[in-house]
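Trainee: This is what each chain is made of:
There are 2 protein chains.
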Amino acid sequence: MKELSSSACEVERWGRFELALKGPAEGNPFRDVSLSARFQYRNRIVEADGFYDGDGVYRIRFMPDQPGVWRYETRSSCKELDGACGEFVCIPPSPGNHGPVRVKDSYLFEYEDGTPYWAFGTTCYHWTHYNDELEELTLQTLKGSPFNKVRMCLLPTRDMSPAAFAFAGTCPEDADTTRFNPAFFAHLEKRIDDLQQLGIEADLVLFHPYDKGHWGFDQMDGETDRFYLRYVVARLASFRNVWWSLSNEYDFNRYKTEADWDRLLQFVQHRDPYQHLRSIHNGTKMYKSSSLYDFSKPWVTHQSIQHWDAELTSSWREAVAKPIVIDEISYEGNSSRRWGNISGQELIHRFWEAMTRGGFVGHGESFIDKETKAWISSGGRLYGESPERIAFLRRIMEEGPEDWIRARQEGTYMLLYFGRRQPACTTLDLPADASYRIETIDAWEMTVTPLAGTFSGTTRVALPGKPYIALRVRKQQ
Amino acid sequence: MKELSSSACEVERWGRFELALKGPAEGNPFRDVSLSARFQYRNRIVEADGFYDGDGVYRIRFMPDQPGVWRYETRSSCKELDGACGEFVCIPPSPGNHGPVRVKDSYLFEYEDGTPYWAFGTTCYHWTHYNDELEELTLQTLKGSPFNKVRMCLLPTRDMSPAAFAFAGTCPEDADTTRFNPAFFAHLEKRIDDLQQLGIEADLVLFHPYDKGHWGFDQMDGETDRFYLRYVVARLASFRNVWWSLSNEYDFNRYKTEADWDRLLQFVQHRDPYQHLRSIHNGTKMYKSSSLYDFSKPWVTHQSIQHWDAELTSSWREAVAKPIVIDEISYEGNSSRRWGNISGQELIHRFWEAMTRGGFVGHGESFIDKETKAWISSGGRLYGESPERIAFLRRIMEEGPEDWIRARQEGTYMLLYFGRRQPACTTLDLPADASYRIETIDAWEMTVTPLAGTFSGTTRVALPGKPYIALRVRKQQ
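These protein sequence lines map, in sequence, to chains A and B.
If you want this note's numbering, it's the position in the first sequence, counting the first as 1, plus 45.
If you want this note's numbering, it's the position in the second sequence, counting the first as 1, plus 45.
Careful, some of the hints might be misleading.
Pairs involving identical chains hold if they fit within one copy or between any two copies, as the list cannot separate such chains.
Stated by the list, open to error - In the DSS-like style, the derived pairs of lysine-lysine whose C-alpha atoms are separated by at most 25 angstroms in a straight line are:
#1 Lys235 - Lys67
#2 Lys149 - Lys511
#3 Lys415 - Lys511
#4 Lys257 - Lys188
#5 Lys418 - Lys511
#6 Lys235 - Lys124
#7 Lys342 - Lys520
If you're looking for bench data, these hints aren't it; they were derived computationally from the structure.
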């Protein structure tokens with residue numbers, strides 16, 4: 046046993062401990078050298094995989110979830126790397142560090158420290174694959190946005206010529222799926238940390254069908270898939286803001302069956318020491334709600350849905366008791382493609398429709414004639430009318446109870462959305478023995494107008510007689 | 046045989062011949078006296094029922110469909126009325142008289158003289174049940190409107206206290222379903238003729254479920270139903286602009302089964318000498334398209350649908366090869382009821398969505414805070430933003446081919462609607478060996494903007510990047 050450090054370092058709770066070891070650089074260490082470590086807090090042991098980071102350097106990362114002293118010891122097929130041990134002290138988290146996001150009460154999310162998390166995601170599939178200037182611009186845009194989750198891909202599409210990619214090589218012809226590119230990952234990790242600084246979850250899309258044989262990464266064999274996933278999990282699982290999205294539009298990939306995806310999801314479930322949120326995202330299968338991926342399968346933590354009909358949210362809640370995240374509901378923009386050309390007003394309408402039915406919705410933007418290219422592909426600037434209205438909706442949600450659907454059932458809080466309807470009045474059957482305050486919300490104009498007084502029993506409420514109106518009804522204590 | 050007239054009168058084709066006869070007034074002639082006549086043109090014989098019109102007067106009406114000499118002879122259980130005979134000359138129709146509307150080529154309508162008929166209906170359920178002033182106002186409104194069909198009820202609702210109704214009596218307590226009120230019918234007939242003068246079809250709703258036992262007309266026995274229908278058909282079938290809608294929201298009536306409705310539809314089919322258009326309109330059954338009334342049944346001529354999702358039009362066309370008329374798709378207005386409070390913009394969107402998929406849509410309006418009450422109930426004035434846009438759509442349709450869906454399949458005419466989507470451009474795959482003109486249509490702003498030049502082959506078209514845009518693509522001769 047090699048004791049590595051006598052004065053233990055400090056790592057904050059849900060922060061990242063990293064151990065670097067020198068080892069062999071010859072051969073193919075990615076494939077040939079196994080490395081892991083057992084991290085122990087009192088009687089609890091958590092095992093984490095290590096990874097080869099190039100230039101003879103091996104690393105093991107670990108995210109402690111418990112304050113106190115953690116001891117570790119490495120295991121490796123290589124003698125140089127085996128049996129290294131040491132300890133560190135896990136200290137309380139710094140402000141803004143709430144831990145990873147977890148499922149709560151079947152349909153909700155919260156950070157591990159109990160702070161509520163309402164998912165207001167956006168999509169920038171390849172924002173980390175272009176250049177620093179654009180990436181900094183994207184981060185600046187995100188900083189001023191309401192978004193607290195970004196869907197982002199690890200693998201390139203057939204249309205891209207990136208300077209670096211996940212595997213070794215410079216182009217499709219010399220791509221070597223038996224080795225990884227540590228520089229690519231180091232850059233990606235920096236961006237995941239940048240998102241973390243902004244309080245944004247990185248919903249990592251591990252596979253996608255937009256390769257179509259160009260790179261070949263969409264049609265690797267099962268062993269190579271697992272080799273890739275194991276490396277990704279070893280490098281990235283210790284980032285507390287990571288979610289695993291096994292694939293985007295998985296059913297567009299003709300080389301894998303649903304059983305293949307099930308096995309890969311289970312593989313990630315098995316390798317991830319922290320059980321980050323995990324799901325898979327459908328493509329064509331949106332046309333019948335009954336043929337979405339079966340999210341009741343135990344290895345997915347939430348429903349990651351592509352569907353354009355927000356009203357189906359209620360049926361998805363009935364079908365499976367897991368959080369609903371409609372990551373694709375069509376994007377604001379003017380693309381010629383059907384998925385990318387709804388108006389901001391329509392997108393906002395869908396956000397409200399799904400949210401008031403108990404689901405979360407993801408944003409995306411796809412304008413094709415602006416200074417920066419489509420946000421959903423490469424990030425940059427946002428031009429649409431929806432982000433500030435999503436910020437308004439997020440504020441409304443954060444002002445309300447964490448479980449707004451249960452609160453409605455219990456009669457303490459109601460967010461009633463009238464959508465495209467424009468009634469001049471409505472009648473609320475409030476309990477006679479309680480007192481309520483009522484506000485009219487204009488989802489598009491972003492106004493909240495309180496009604497004078499308090500209300501009980503059957504209450505007739507005058508409404509503005511225009512679309513996109515909601516009522517917020519709150520019980521007085 | 047009693048020859049009634051030596052100098053034959055003239056009746057225009059699809060006009061109305063009427064024979065009045067004096068007969069017994071004692072007892073209950075509505076029930077006790079049978080009367081019909083056989084009308085003969087060359088070897089063709091058409092039989093029409095007569096009816097008792099009160100005060101000892103019996104009438105037989107007939108709509109000739111063939112120019113030339115028609116002879117007739119009555120049959121009656123009453124000797125006084127039996128065997129009366131005579132003739133009249135059917136002359137060509139006057140301008141504006143195109144005959145009754147018929148089904149054409151499975152999905153379309155046309156007048157019997159071959160003039161195309163695009164159904165642009167509206168709903169004024171009880172416009173004929175209030176007072177002359179309001180009725181004249183309704184007619185004036187209709188005259189300035191794009192509507193060429195009105196859905197209208199014969200029977201009162203539980204909330205109404207009409208001065209007269211179809212049956213004898215003054216109130217629910219003394220309503221006598223063994224006798225009719227000829228004055229009620231004479232007034233209704235005047236209004237049907239008023240509509241005819243305006244070129245508007247009267248889509249007569251013969252039953253509805255809004256009685257709920259108040260009048261009891263929703264729960265009469267089968268014999269009384271047939272007694273009522275036979276009288277209605279005898280009086281009204283000779284009006285060329287009549288359509289039969291057996292019931293509104295038939296499935297809301299708990300006293301009748303679908304088999305009952307089938308029998309009543311067949312009864313009307315059997316009694317009507319002219320085979321006017323005939324259908325039945327669903328209520329709740331809109332929620333699954335598969336559970337609409339089975340319009341493939343041979344006794345219905347077209348699909349009279351209530352559904353709020355215009356996109357399903359395509360599936361209804363696939364399901365049944367009969368014209369689709371979505372008579373209720375939600376109404377423009379500000380009612381607190383879900384069926385009556387969509388915006389004009391949303392209604393226009395649904396018109397375009399359904400129409401470009403090959404269906405017809407009905408208008409309705411339900412503002413609750415205007416000078417005249419809800420148009421759908423009592424007529425009056427229209428206040429909404431949709432009627433002028435429906436007029437615009439009607440103009441667009443009338444400028445195009447009668448069968449716009451087949452023309453699209455044949456590549457001679459395309460009306461492409463982008464709905465809530467707002468692409469900045471689209472690509473058309475036009476045949477390389479033909480030349481097309483293209484126009485951009487703004488369905489809401491009611492503009493038609495031609496693109497300069499003509500187009501062939503793969504054509505990229507710039508679009509305004511806003512919602513509610515259509516393209517009209519017309520092949521040059």
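Trainee: For every hint, state whether the structure bears it out.
Mentor: Verification of the supplied hints:
no., hint, in the structure
1, Lys235 - Lys67, "within (22 angstroms within a copy, 101 angstroms between copies)"
2, Lys149 - Lys511, "neither (36 angstroms within a copy, 40 angstroms between copies)"
3, Lys415 - Lys511, "between (32 angstroms within a copy, 15 angstroms between copies)"
4, Lys257 - Lys188, "neither (34 angstroms within a copy, 60 angstroms between copies)"
5, Lys418 - Lys511, "between (34 angstroms within a copy, 19 angstroms between copies)"
6, Lys235 - Lys124, "neither (31 angstroms within a copy, 104 angstroms between copies)"
7, Lys342 - Lys520, "neither (38 angstroms within a copy, 53 angstroms between copies)"
Violated hints, listed in ascending order, are 2, 4, 6, 7; each of the other numbered hints is respected by the structure.
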